[in-house]
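K.L.:
Protein chains in written order, with the working numbering: chain A, -9 to 250; chain B, 80 to 491; chain C, 38 to 344.
It should be emphasised that the hints constitute simulated quantities derived from the structure, not laboratory data.
Being a predicted model, the structure only gives us computed values, none of them experimental.
Treat each hint with caution, since some may be false.
Said to hold, decoys possible - List time: in silico PhoX-like cross-link candidates among lysine-lysine, alpha-carbon distance up to 20 Å:
#, chain 1, residue 1, chain 2, residue 2
1, C, K83, A, K95
2, A, K72, C, K237
3, A, K22, A, K231
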Amino acid sequence: MENNVEPEYAIVTNDLSIHYGSYTAVKGVNVKVEKQKITAIIGPSGCGKSTLLRSFNRMNDFVPNCRVTGELLLQGQNLYSKDVDPVEARRRIGMVFQKPNPFPKSIYENIAWGARINGFKGNMDELVEQSLRGAALWEEVKDLLQKSAYELSGGQQQRLCIARTIAIQPEIILMDEPASALDPISTLRIEELMQELKKNYTIIIVTHNMQQAARASDYTAMMMIDDQRSGGVIEFDDTKKIFTRPKDKRTEDYVTGRFG
Amino acid sequence: MNPNKNHFPEGDAFRRELNGRYRSATIGEVLFLSALLIAVISLTALLYNIVDGAFGYTAYEYKVDPSTITSKPLNELTQPELVEVLKANISKGAYNKLNNEQAMETRSQADLLSLVLERIIRIDTKAVWSLSDSLFHKTEIEAEVAEKYPDAKLEFRTWLTMNFITAPMSSRAEFAGARTAILGSLWLVGIAVLFALPIGVGAAVYLQEYAPKNLFTRIIQTNINNLAGVPSIVYGMLGLALFVRVLEPLTSGSIFGVTDSNGRTVFAAGLTMGVLVLPLIIINAQEAIKAVPDSLRQAAYGVGATRWQTIWHHVLPNSVAGILTGTILSISRAIGETAPLIVVGASTFITVDPDGLFSKFTALPIQIFNWTTRAQPEFHAIAASAIIVLMVLLLSLNATAILLRNRFQRRL
Amino acid sequence: MSTKNFRPFNLKKTIRPGETIIQSLLFVAGVLSIMITITLVYELGKEALLFFNNPDVTLAKFFGTTEWQPGIGKYGIWPLVTSTLITSFIAMLIALPLGLAAALYLSEYASPKVRSILKPILEILAGIPTVVYGFFALLFVTPILQSIMGKDNISVYNMLSAGLVMGIMILPLISSMSEDAFSAVPRPLREGAYAMGATKLETSLQVVLPAALSGIGAAVILGISRAIGETMIVAVAAGSGPNFTLNPFEAAETMTGNIARISGGDLSYGSIDYTSLFAIALMLFLVTLVLNLISQYVVQRFREQYE
Ligand SMILES: Nc1ncnc2c1ncn2[C@@H]1O[C@H](COP(=O)(O)OP(=O)(O)OP(=O)(O)O)[C@@H](O)[C@H]1O
Ligand SMILES: [Mg+2]
């Protein structure tokens, strides 16, 4: 990406570290996440990918002994400064989880609920349709809107969760292994969907699937654990570079499958 | 997208709404917490109410002036002197009856003194005040007594005394004690446990270790769960029909040659209680047995143990603490049960201690019920005292259960 | 040590009489509970049938009249039923909102430390014998009600006081069952709500509560069953003597209260008073049985939903 203008960044971290009690799970992360791009986070299990991702929308607030140090800047504001409202932050930064977690409500309500609590004014039916279309689910469920979301397949449920996230019109969507509980076809659909979504949103995705990261992302952050069991980003670059000419030997071993 | 039509509030507008949402969130949290506070307040009020009733001023008169009977102050009389006083002042029949219950020479000085007060001097309680009134309205009380009952003595009385615990029943609240009732409760619980514990543990072992997973087992399990939810008064009706009436020859002891009783014995009531706690004991024992890890059983089978050897040497020893805890909790349920005892015919007034399976009986909760429903406030005072005795009993049972549970948890 | 390479052994089935006897005994213990239920139904049914077979007792009188004095030929069950329903209703009016709110606080808000202080208080409330609650209702709550409303407007024995105290008694049951239901709601569901920018209250009330609804339903049903079968509070505080009224400030005897009072007096076997008690008890048994079964079924289904 040879660009003359400085790219716009959705998230910039400065020496971001995340601690569970006295244990530092993620140490010294410095990354710049570009707007309207897909950034993948890869790395072996337990290296702190989820921890890092959850720090991006303050989901770690719900872990009693979790502490964040360093800076996490969104449009120049530190997400962890005292005057930031976590509820508003989460509404700006949506999240899709590893296992689909639709609410025990109708398909329609699953989408309308988030919009409603956030004060949506306007035509709800339209918003629901728009969001379901945005998540490539509309055609499959347009006649089942009042059915329980639990009646959908796992892949459909996951797209419903994406739909409810885009319904509240966030800036950034975080995805933690969103396809790991799905079959290959559903996985592919989610990947296609991500390509659609990046036109409007910045996407950060955690994945264990190397092909997925290589296929779907623009940038990749490689995380690895150090000898104190603290994870860190050891390499952050264009996805192409990471997968073809990685700088770090450990990255090369990992992406080529020669890892531990 | 038309920004005027479909939009989310942004910036300040969103902030304003969010502040409203936060406000309701705070109100919600406060409301939820206040539900718990109401529970705390209720418990406090209940305990206060009980303690408040068990102590306080009482105004009483003597029907007979003590100086007409003896020249010494009453509480300085010796044991033989008191016997003399009794002999001289009550009818021969009544004296003989008392003597038959317990020989005069063997009665304690305190016991005789209360007999003298009860039978001869005849205390007449005019009014009773609660602890809080006694503490905070002493002068009003004194004025009221001086005006209404000029002859009465005002005295701060502790209704819950050692004498209350050790004295038998009396028709006068001032002398009534809870001994008969406490002993009755102990007999009941003893019989209930002897009946329900072996059967309950047996049933639990059968269901957890032997029963095949089929419809019949499911029916047994559902049935046990349901029995645990049957209202206790319905168990009383079962006890009345089955143990008191149909099995009368057994429960009255007539087949063993006991003649002077009907089916309304401590035995029948104890069995009724046993049936009542059986499902609880089974369910608790099942939980305890479930907690024994399967690897233990497999290890035992692996060295060639039979099923029963495995159960007896490994499963039961490792679940015994849990079973005992469950049993204690069932006992505390039984000890407070009142309704089934009323139905199977607990005696409301009985002065002799239960001395065998076929005795008539009363129990602590029965006395609490009777005294509570009496009109005279002095009975409420002894009801409160009996409640304290009951609660202390329950508290120590539960403390034992907690101790057992802690030991059990440490071991596994 | 000299070793033999081959020691003959026999793998034929051995009969172990000890094992068989023990297994049979355990089986009997297991089946005894079924026999208890059968005996219960048989005894209640037999005496209740005697009551209904009495030529004087007709279903028309039983369900069609409003006075209950079997001893003098009045067989209208309604006064006992209405007072049972009213006291139970008042109890649920107290226990349900308070129990739910307490459960929400304990499961969604309380820190482990606060929880470890507050939870035992509910457990103590649950362990207090009901006769003690009766004492509390009659000698504490009723006087307060009387001083609030005036002695002329509320009688010494009244359904309100009994119902209120019964509500406090049932509160721990509702709250502990609801709390179980709330904690069975998976964490990711809450996280999903928070990730949409929901506040804690919105998450608790609009996601967790609806997700636990069937579990709460089971708690409510069991609570109602407990209220209907509760005896001592109403026997002490609600009044003795059937009274057909919907006014909670009046005294009226419930079904359980009637059984307690009549059976506590002199009762001769086979008299109409005696058999009438079994008719009431049978009704109590059947109603609570159905409620308990529904509750168990709902809890079962609820557990499967999130497994
Ligand atoms: N709530 C918590 N409390 C304490 N430690 C935690 C907590 N959550 C995670 N950890 C620890 O933090 C480290 C990183 O965990 P994290 O879940 O972020 O790893 P991950 O890279 O997402 O792993 P995976 O690929 O298996 O999902 C692990 O050592 C984990 O044990
Ligand atoms: Mg993870």
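K.L.:
Is K22 (chain A) close enough to K231 (chain A), meaning Cα to Cα at most 20 Å?
P.N.:
16 Å, holds
K.L.:
Going straight from one Cα to the other, do K83 (chain C) and K95 (chain A) come out at no more than 20 Å?
P.N.:
49 Å, violated
K.L.:
Can the restraint linking K72 (chain A) and K237 (chain C) be considered satisfied, given a maximum Cα separation of 20 Å?
P.N.:
Answer holds: K72 (chain A) to K237 (chain C) is near 19 Å, not above 20 Å.
Of the numbered hints stated above, the single one contradicted by the structure is hint 1.
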